[in-house]
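First to last, the sequence lines map onto chains A and B.
Mapping of the first sequence onto my numbering: residues 895 to 1231, in sequence order.
Mapping of the second sequence onto my numbering: residues 895 to 1231, in sequence order.
Source of the hints: derived by calculation from the structure; they are not laboratory data.
Take these hints with a grain of salt, some might be off.
One copy or two, either will do: identical chains are not told apart, so a pair holds if it fits within one copy or between any two.
Unchecked claim - Below, in silico cross-link-like pairs of lysine-lysine (PhoX-like), each with a Cα-Cα straight-line distance of 20 angstroms or less:
id, residue 1, residue 2
1, Lys899, Lys970
2, Lys901, Lys970
3, Lys901, Lys922
4, Lys1188, Lys964
5, Lys1145, Lys964
6, Lys1040, Lys1151
7, Lys1040, Lys921
As a plain string of letters, each chain reads:
Number of protein chains: 2
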Amino acid sequence: MNQRKGKQTVEFKNPSTILQTASIVGKKEGDGPMNEYFDYILDDDYWGEKTWEKAESKFQKKTAELAMRKAQLTDKEIDYIFAGDLINQCVGANYAMRDFDASFFGLYGACSTMCESLSLGAMVTSAGYAEHSLCITSSHFCTAEKQFRFPLEYGGQRTPTSQWTVTGSGCAILTSSGDGPYITHITTGKIVDMGVCDVNNMGAAMAPASADTLITHFEDTGFTPEDYDLILTGDLGVVGSDILCDALNQKGYDIYKQHKDAGKMIFDIKGQDVHAGGSGCGCCASIFCGYVFKELKAGNLNNVLVMATGALMNTMTIQQGDSIPGIAHAVRVCRSL
Amino acid sequence: MNQRKGKQTVEFKNPSTILQTASIVGKKEGDGPMNEYFDYILDDDYWGEKTWEKAESKFQKKTAELAMRKAQLTDKEIDYIFAGDLINQCVGANYAMRDFDASFFGLYGACSTMCESLSLGAMVTSAGYAEHSLCITSSHFCTAEKQFRFPLEYGGQRTPTSQWTVTGSGCAILTSSGDGPYITHITTGKIVDMGVCDVNNMGAAMAPASADTLITHFEDTGFTPEDYDLILTGDLGVVGSDILCDALNQKGYDIYKQHKDAGKMIFDIKGQDVHAGGSGCGCCASIFCGYVFKELKAGNLNNVLVMATGALMNTMTIQQGDSIPGIAHAVRVCRSL
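With these hints in hand, go ahead and build the complete structure from the sequences.
Have a look at this one:
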């Protein structure tokens, strides 16, 4: 029987292994400092498709295919797909996955979706319901910008706190047997809404949820910041990262050294003019499936906590005067047990 | 270790019990033939809120609270919430659940979401990760109509194959111990797209996915239609139900006697002018959490297969000339083991 630990955490008795990952990103992401870790960098954000939405689906489909190829698996050997994205009704994932012969669970956790999929994938795989689970998300600058903000042709100015949605996709395949890296613990967030209403400051809206999940993770497990080489959030950006680290410091947890944020890593913040950093499901997904997984395999990282954060509003709830609920899910990944 | 069976099915070694359910619906649903089974019927589709979206969130929040009250549980005793709805970015669920102190997984499976949440809830609860899981969905005629079709004020004509989105919510609380009704098997669907493009004929778009899942369920488990008192789909409506039954018949499965569709049950099809019947996540959810659960508890039903079906497009993919992917998830519920 697998064990619950504390309030919101599961400690797996049979931790699943991350068998393989893949990541594919767009040109701007490929021009950033993490470019050596991505599997493919696309010059054309349309990827030969007629619309950005079809292009995002193609990113997700091709990333899943690449991960399966690297894992030497076919879609028939995938027991469950856990997938989501930011487009209305999650069509990025739905259309990408319709060609695969595998049971499908659609998820929506905004930019927290990669850790939601890893969490559910780990639960289902560790419990023996699946031999292989495929966890995947994507985002696309152009589909997100037109849906959540302005038509791209408008060329509106961006506030200093705004973040730049990453064009990319990350996919991880979990297996019930294997020799690591292992998903040993998950701490699943609850929705936290501190009344932030500024959609141009997502970092501030999501930071309270990430602080809540991280403190709960430490309390539930007894781990301390020193137990980690890396605490990776995604995507709080510049503003939210400072809020998180300061909030943890006030509670007696010093994470300044271990903490990195996928939104700050993926771009050269000043040089690439992305204001507060990257965002979107594809940001944390591509950094985790690129940089983190490859550094774990290389032995340069041993114990990582990855915590993707999501802002759960839509454009209409903001127009109706409501605030932005946030959520964050944490996943502990270790090179060996 | 829990057991996978066949291609897409899990047979639970420790089946979870459906501890309690609740259902709340709007006036039109309360005027229909299933009205005695709902816990509350609302006269005001706004439920005192300023917008339909806020009203839908209130439906979901109040339905969850009612289910917890009936189960004599507080939100702190709920380990996981599995929730979703049809509004962009699933804000119906996100805003409803922000007041609860429980880990949250957001789902999107269109009208299949209730069975997606029951499936994941059953997996997580049966594996021992959770003592109590809360599974919930909602839909609202007005939020769906304005988002997917036309402004309500426009008063557009409806085609004979169109369905009427149910205003309502259904919630089920699962527990790892208990004396039934039990969730013994789940068959999780894959995405099936047969090229149907008519958004006014959702039943036809979803029927192939439901046939695929149902045939797979019979093949995986060895069960036959005769093993069930009721095979409940939701929501194929009049058109999709006929396609499903005929497709199964061609494969040698006669389900004409056992099959009912939540979309056909919830309204008096002719008398209430709903064309091909009801639809929306709230339809299957309120019929399952109302009629099915109460008849199981009363001993009038013993073995039920509930299979919610979803159409995974959005308005934009249709405008871009794409077809409608469908999905269906089946959950077997038995009064006793």
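Structure-based check of each hint:
Only between protomers do lysine 899 and lysine 970 lie at most 20 angstroms apart by alpha-carbon distance; the minimum there is 15 angstroms, versus 34 angstroms within a single protomer. When the C-alpha separation of lysine 901 and lysine 970 is checked against a cutoff of 20 angstroms, the pair qualifies only between copies, where the shortest distance is 9 angstroms, while the shortest distance within a copy is 36 angstroms. With identical chains, the CA atoms of lysine 901 and lysine 922 are never at most 20 angstroms apart, being 40 angstroms at best within one copy and 41 angstroms at best between copies. For a Cα distance limit of 20 angstroms, the shortest separation of lysine 1188 from lysine 964 inside one copy, 13 angstroms, qualifies, whereas the shortest one across copies, 49 angstroms, does not.
In this assembly of identical chains, the alpha carbons of lysine 1145 and lysine 964 never lie at most 20 angstroms apart, being 42 angstroms within a copy and 37 angstroms across copies at closest. For the identical chains of this complex, lysine 1040 and lysine 1151 are neighbours neither inside a copy (37 angstroms) nor across copies (49 angstroms), given an alpha-carbon limit of 20 angstroms. For the homomeric pair lysine 1040 and lysine 921, the shortest alpha-carbon distance inside one copy (19 angstroms) is at most 20 angstroms, but the shortest distance between copies (37 angstroms) is not.
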